[in-house]
Structure formats: structure tokens, C-alpha cells
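Asker: Residue numbers (the numbering used here), protein chains in the order written: chain R, 1 to 620; chain Z, 1 to 288.
Keep in mind the hints are simulated off the structure, nothing from the lab.
Do not take every clue at face value.
[Claimed, not checked] Partial chain Z-side listing against chain R, Cβ under 7 Å, derived:
(1) Ser92
(2) Val95
(3) Leu99
(4) Ala131
(5) Val133
(6) Phe169
(7) Ala174
(8) Arg176
(9) Gly177
(10) Thr181
(11) Asp192
(12) Ala194
(13) Trp224
(14) Gln250
(15) Thr253
Every residue gets a Cβ at the ideal spot worked out from N, C-alpha and C, and that includes glycine.
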Amino acid sequence: MDLRFRDAEPTAEERAAVDALLGAPSSAWDGGDRTEFDLRFATQAPRVARDRRDLLLPALHAVNDRVGWISEGTLDYICRRLTIPPAEAYSVATFYSLFSVKPRQARVLHVCTDLACAAKGAEAVRRDVEERFGPPGVSWQPSPCLGLCERAPAALAIEAGDPPVNAVYGPCSVGQDWPATTEEPPVEAAVPQTRPRRDEASVSDDGGGSGPDGLVLLRRIGVVDPLSLDDYRATGGYTGLRRAFELGPTGVIREVLESGLVGRGGAAFPTGRKWEATARQLDRPHYLVCNADESEPGTFKDRVLMEGDPFALIEAMTIAGYANGCALGYLYLRGEYPRALRRLENAITVARSRGLLGDDILGQGFSFDIEIRRGAGAYICGEETAIFNSIEGFRGEPRTKPPFPVEKGLFGKPTVVNNVETLVNVPHILEMGAAAYAAVGTSSSTGTKLFCVSGTVERPGIYEVPFGATLRDLLDLAGGATGELRAVLLGGAAGAFVRADELDIPLTFEGTRAAGATLGSGVVLVLNDTVELPGVLLRIAEFFRDESCGQCVPCRVGTVRQEEALHRLSKRRDEGDLVLLREVGQAMRDASICGLGQTAWNAVESAIDRLGVFTAKESS
Amino acid sequence: MSVPLRPPRRLIEITVDGEAMRVPEGDTLLDACQTAGKDIPTLCYGDTLNPKNACRVCVVEVEGARTLAPACSRKAEPGMVVKTDSDRARHSRKVVLELLGSSVDLSTTPNAKEWMAEYGADPARFGEDAATVAEPPKVDNDLYVRDYAKCILCYKCVDACGEQWQNSFAISVAGRGFDATISTEFDAPLTDSACVFCGNCVEVCPTGALSFKNEFDMREAGTWAEDRQTQTTTICSYCGVGCNLTLHVQDNTIVKVTSPHDNPVTHGNLCIKGRFGFQHVQNVASDG
């Protein structure tokens, strides 16, 4: 490949940031200074570098972390190092909202203006920030959901440097200070179910089964030290992996199949069937991808799991790698989760040093390791094929299916992709046995489910309940709505609204489907009568417009037209605009490439049909 | 033109609009529909490129599928029941044409007007304030013009410039969503980019967003008249490869050079010399 560059040079600092990740260049052929030798002899360096295209995203992160933006000189240097055409690297850098290819301040404040925060007054905070810091884009920018919904309205500051510094704010208020660093509340503050038991909780649990209050997935949150492998093992950690080694890979898959576990990321696909299909592919190697790109507005369950019980995910990924014949697992983590990143990095390092990752795990002859890849602000990268493109160093655009990931996934190889919560269920299934697991919940939705309760509710947070509990049960657990309950958004921006008189919907996959709603990723966003619904719909439409990758026409233009129509409707009611919304929505649902476009109209449709927004019944 | 024979392929049975038909395994639904004589609109599909299926104007209904399928890329499978003209498929095509028509200048897109009429598409329904991708044409070299107000973002130019044909990688898609555009790195002028001016991106552009400078200037001046043009296919004399050139001649002057897509060697691709080096033919001194 013949690369052509303009005359931009990186600064010493930018070069150092890239070299810290990639090591020093070996010759002029991969970005070093030209020597007499290089003029006479070609080396293999470009070929080797080309095979590491997947380091493009980490390299962009390295520079963005250190300097705060990506200059042309840096981009060219990264391209020389990895033999990537600059036009392609530029296209990748401009895909992600956390990167900037224009100079900006080292410290950028990301103010969440998404659904859960908007319900708690984020608009006033945004206006206040704009008045004090000027127009967005230089020192602050509005942000889609930061996954801090229990602390709504929330904000995140990212300050470039060596090392970069993050600060999390929430709940924010008008006129507040934005100190350079903040003391983040412990993760269990997001889990009200464990809160009363915090004091008497002890680490000498029974070593398996459920913890306080019948919690399974959350049983260690706030009970163990998330940095301590010993704490994890003392509370039953790694019994699942030992059990897996006893069962063998096919035995593990049988257990997962019989447990009835289905994916918790939103699509509810049976995990056992996915694993079975991947494991039997002859093409090698197989890859595991853990989808921790939790970005559905109102979702923060995976963050709580990763921050509060990181070893559980490491163990679960190891089991999944063992069952599916993978030697390498990628953990694709949202770029906006600094604390989860720190704790997972620690967990991986500790697990490696104790022989729980790497070669010959527990003396069983099985080798497996985990690489963390950080997203950079793109909701679409949570789509199961977009995540592959993102890891491989391309734009995070979804691929056409078929072929499905089980056949051709990451690097074109058979790949199993699972959500964090799905994976974390697996050690418990192996500990308690498939039959015991399947006995919890209903016949087609087994086990327990995490729900992300946010909005105008007494005690927002993550709640774990067995499948089959009703929406009313869950709201009671969370202390009920504050004010007069108006509606509940189930499943996030891609979900659907239900009315205040529909609280007896059972929270199961089949129950919500029968009611014309969806569980999605477990979002339960409570809205009382002080929240303006047209504003919520506009925010949803804005979210999809911002997050559409732009690949297919129905979604790229449809999401814009949807937002325009909602803008008009919020000013005056018009039958024509309602017809237009419906027609565009139907085309997005039928003809978009991926789930983003296909679901971009769901919530708006349900608001019109079920809540009567913009129709005659609407009183506000 | 000789077309190389392919190894024989197994035939599979599918149903298209109620009629059973047998198609070679590996054929797409578009191949099958074209064999059956169905007229399916396409925009981002290129006969010399891998389908990107980005425009979604070719969607058809496959029985049992939750969503519609892009005919250009979905392979026929045994027993598939396909409806090319169902209400759902027609609705999506209509809306896609409306979405494109309201945001992009389709005035030089072949067949756009006919399809709009056929599907009853009304791009004006989104109102006068509907966002568009309008921007002034980029004229930064003497050979071709990039008028991205006409760009439907079909990725064909990117694919032709990149690994599918030219391997220059001078352009890619920058930005995201509605703001995405085709761009060089940091929006540098083409003359500073890796562009080798082969014009193979212009060859595959379905909307006229990319056009030869000569054609662009003549259209601006109002002198471009396709009905007065003849097309003559000949052989390029610059080197020994023997690429086919199709000379578009208006008023005894070469106004454009293209290349036949069905050429088994070059598939419509040329280099800068074949594509742009024709001025000497008509460089006759004015005094004879």
C-alpha cells in the first residue's frame, strides 16, 4: 500500500503517547526516522503493522487521553505506524463522539441531557453550563446517557493528561461548582436493595446460591471489595469455573441450554443456542466478545456489575471462552465508564498473576486471555456486528446479516457475542445447576433480571427481581413514583411507553411482548406528570439522529425527518405530520440495516398510540 | 465481448411473486428478479462492486422474515418465497425515495424521476425546512468535480477508490449519521490527497455527484446535450493493456470517456491517461 501524507508532524508529546502504546518504530518503514539502511533495504515492518489495524482505536484513545484531541500530525503518525491510509483513519476518528479532530481544551465536561437526567432537570443544568462556559464543543458538550441514571442529572469530566483524570458529578444542580476531582459514591449506592444490609454484611457467605434478599447477580455488590480476588473467592468466586472444567465444554453448553438463559442485552436470544452454534464451527480461531458498550439511555446495570463485582465478569468470560473454544476474549467497554475500566483492568491483572487467566488456567491445560477495548462514544457499537468493525479498527457500522457472527464474526472468524449481564449469569448457573436456575422465574423467562429504575421515582437504582414480578412490584420496591405517575418507558429509547394503569404487566420477555412493549435492556424510566412528554419524545428522536451511523438511508434520513416532525408537532398538532411519522417509522422498521433504525420509531409510536400524545385525547 | 465461463452451479428453487423459478446457487435475489423480468430499482448497487446495500431502495419481502431484505445482496436460498411488489416493499421504496429526494439533489440521477412517479413519492411533503445535504461543489482540480449536494452516500466511490479496485484509499466516509460525507483526511483538497485521478469513482457514481470537469462545466453552461451524443467504444492506445474506452462525442468533440463495465479484464476501470488524456485528439490549430 502506497500511503501519501501531507507535511503535518506530531508534537513530541503526541508521538510519545502513540509510542507508549505501540512501542518505538523499528525503521522508517513504520514511522521511524529514515536511516541509510532504510534507503537500501525494505523490511517486513509495514506488513506486520498492517495486521494490527485493530490497534487504531486504542492509538486514537492514547492520543486523545494525553492531548485531548487528534491533530493531523498525530493521525499521520498513527497511520505510518500501522500502515493505514490517512483518509480511513480520519473516517474512523470522526465516527466517535469522544474524539475531536479540532483543537479543544484538555478538560471537557460531558453534561448528560438524556432521558433519565432530563426527567430530573438536566435542561436547567445544561443551560447553566452554557451560560457559564459558552457554546458547546470547546470546554463542554451535551452528552447522551452516561449510565449514571441513579445520580441524575449527571455529568462526567474528562481531562486529558498523563494520566488522564476523570470526575463524575451527580446529582448536579444549577450554579454548582465543577471541582477538578470528585469523590464518587461507592457502587452499592446504586443498589438500594443491599443498602440496609450494608453494615452487618459479612464476606463469609455460604459460598454459593443467593446472597442477601435473594440477590444472585448483585449478591456481592457492596459486600466484597471489588479489587480483591480473595474476597471474590471467599464468596463463591471461581466455583463456576471449576464446575465448568468438570463438565467439559459440551457439558457447560448443555447446562446453559437447559437453564433457559436468554440474552440480556435486549434481543433475548437463547444463549445456549448461540454457544452451541459457535462451538461447532470448524473454522478457527473462535473469538469471544463481551458487549459492555452499555449505551441504551437509562441503562446502567452493566456498569454496576463491572464496578461492584468485576471478577464475576472475568470468570464468566473465562467459562464462555472455555465452552466456545476461544483463546482470546475482547471486552468492549463503553468509553464513558472510567471506574469500571480501572476495576476491570485490576481484575484482569490480578487474575493473570494468580493463574486464572493466561496459559494453563487452574492446571487444566486451557489457555485464555482477555483484552479490554474501549469504545469512544458511539451507541451503534453495541450492535453485535458494529462492535466487530469497531474492534478491528474500522468505522463502527453494522454489517449485513447473514452471515451471522457465529459463522463470520470478529476478524471473519466464528464469534460469540454476549452482554455483560448474560455472561455474569453463567457462573451462577454452573454453581446452582441448570434445573435450580430454571426453577426461578417463569417457564420461558428463567432466572432473575436486573432492572435499571430511574426518573421520577423515590429510590432510583438497579433492582434484581425474579422474572414474573410485575411492574407494580418493581415500582413498590423502588418506593413508588414521586408525584403523580404518568407513564413508564420500558426498554429505553428503543423500547415502549406503558400507561400508569398498565402496571400489572409481568416483567418477562413474553409478558411485555404480549403487552406490545419490550424489556429491552431492563430500563424502567418512570415519568410523573411534571415531565413534558413531547420533550421526552424529542429527546428520543434527537438521540437516534445523533447515533445513527449513517450507512442506510431509512435510518440516516428517517431519524432526521422524525425529529423534524416531532419539532413541528410539539408546537401544533397536525394530522399530516402524524401520518408522516407513521410512514417514515414503518420504513425505518422494515428497511433499516440494523436494530437501531428498526427500533428508532418504537417509543414515539407507543407514545402516540398508548399515551395519546399529540392526539385529541392528549390534554397537556 | 467474450465473457469467461464460470463453473456450473447447482440450481435451487425459489418462488418470486407466486411463480416458481430455478436460479443458480449463490445468485442474489436481484439476479433472480432480473432473470424473471422484474424491474427493481437500485441506486447503491454497482455491477462491478460488492453490494453495500446502503440505499435500501431495492428491498423485497421474503416470507417469514421480520424485516425486508435488500435484493442486491441477499442470496437466494432454497424454498425462499419472495414478493417484489408487496405493499410493504412498495411503501419502503416510496419512503426511501422521498427521504433521498428531500435531502439530496437527484436532478442528475438516472431513473429517479420515473421511480418517483411509479411509487408515488412526494419529497416535498417534509416541508421547506427539511434538512438537506446541500453544499457548494468542490472544484479543486482540473479533472473532476465533487458535488456532494448530490451525494446519496452509497459508498461506491469509496469502494472503487479503496480495496475493491484502485487501492488508492484517497477518500472515505467522515463524520456520522446525517452529517456524514465523503472526504479525504481533514478534508484536504484532492491534489494533496492520495488520489491518482483515475476517475474510477466517477465511473461508478450513481447520481452525478462526481462528474468530469468537462461535463460539469458544460452542464453549467447549458451546452451538455446527451441526446446529441454518440458513443463509440475503441481501444486505448497509451499502453499495451488494451483497455476499452467508450468515447462520448458531441458535435464532433470528445466530451467524456467511460469504459464498458462488462469488460472481463478492466470492469470499467481506467487510468488517468485513458480517462482524461483525449485532448490531443481535438487539439487542432484554429487555422487548420
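Asker: For every hint, state whether the structure bears it out.
Answerer: To see whether the hints hold, each was checked on the structure:
Using the Cβ-Cβ criterion of 7 Å, the hint placing Z:Ser92 at the interface with chain R is satisfied: the shortest such distance is roughly 4 Å. For the restraint placing Z:Val95 at the interface with chain R, the shortest Cβ-Cβ distance is roughly 4 Å, inside the 7 Å limit, so the hint holds. Interface hint at Z:Leu99: satisfied, since its Cβ lies 4 Å from the closest Cβ of chain R, which is below the 7 Å cut-off. This hint holds: Z:Ala131 has a C-beta 5 Å from the nearest C-beta of chain R, less than the 7 Å allowed.
Hint on Z:Val133 is violated. Least Cβ distance to chain R is approximately 9 Å, over the 7 Å limit. At a threshold of 7 Å, the smallest CB-CB gap from Z:Phe169 to chain R is about 3 Å, leaving the interface hint in force. Taking 7 Å as the C-beta contact cut-off toward chain R, the hint placing Z:Ala174 at the interface holds, the least distance being around 5 Å. Here the hint on Z:Arg176 is kept, as its CB sits about 5 Å from the closest CB of chain R, short of 7 Å.
Checking Z:Gly177 against chain R by beta carbon gives a least distance of about 4 Å; that is within 7 Å, so the hint holds. For the restraint placing Z:Thr181 at the interface with chain R, the shortest Cβ-Cβ distance is roughly 9 Å, beyond the 7 Å limit, so the hint is violated. The interface hint given for Z:Asp192 holds, since its Cβ lies 5 Å from the closest Cβ of chain R, which is under the 7 Å cut-off. Evaluation of the Z:Ala194 hint against chain R yields a held restraint, the C-beta minimum of about 4 Å falling below 7 Å.
Here the hint on Z:Trp224 is broken, as its CB sits about 28 Å from the closest CB of chain R, past 7 Å. Evaluation of the Z:Gln250 hint against chain R yields a violated restraint, the C-beta minimum of about 34 Å exceeding 7 Å. With a cut of 7 Å, the hint placing Z:Thr253 at the interface with chain R is violated, because the nearest CB-to-CB distance is about 34 Å.
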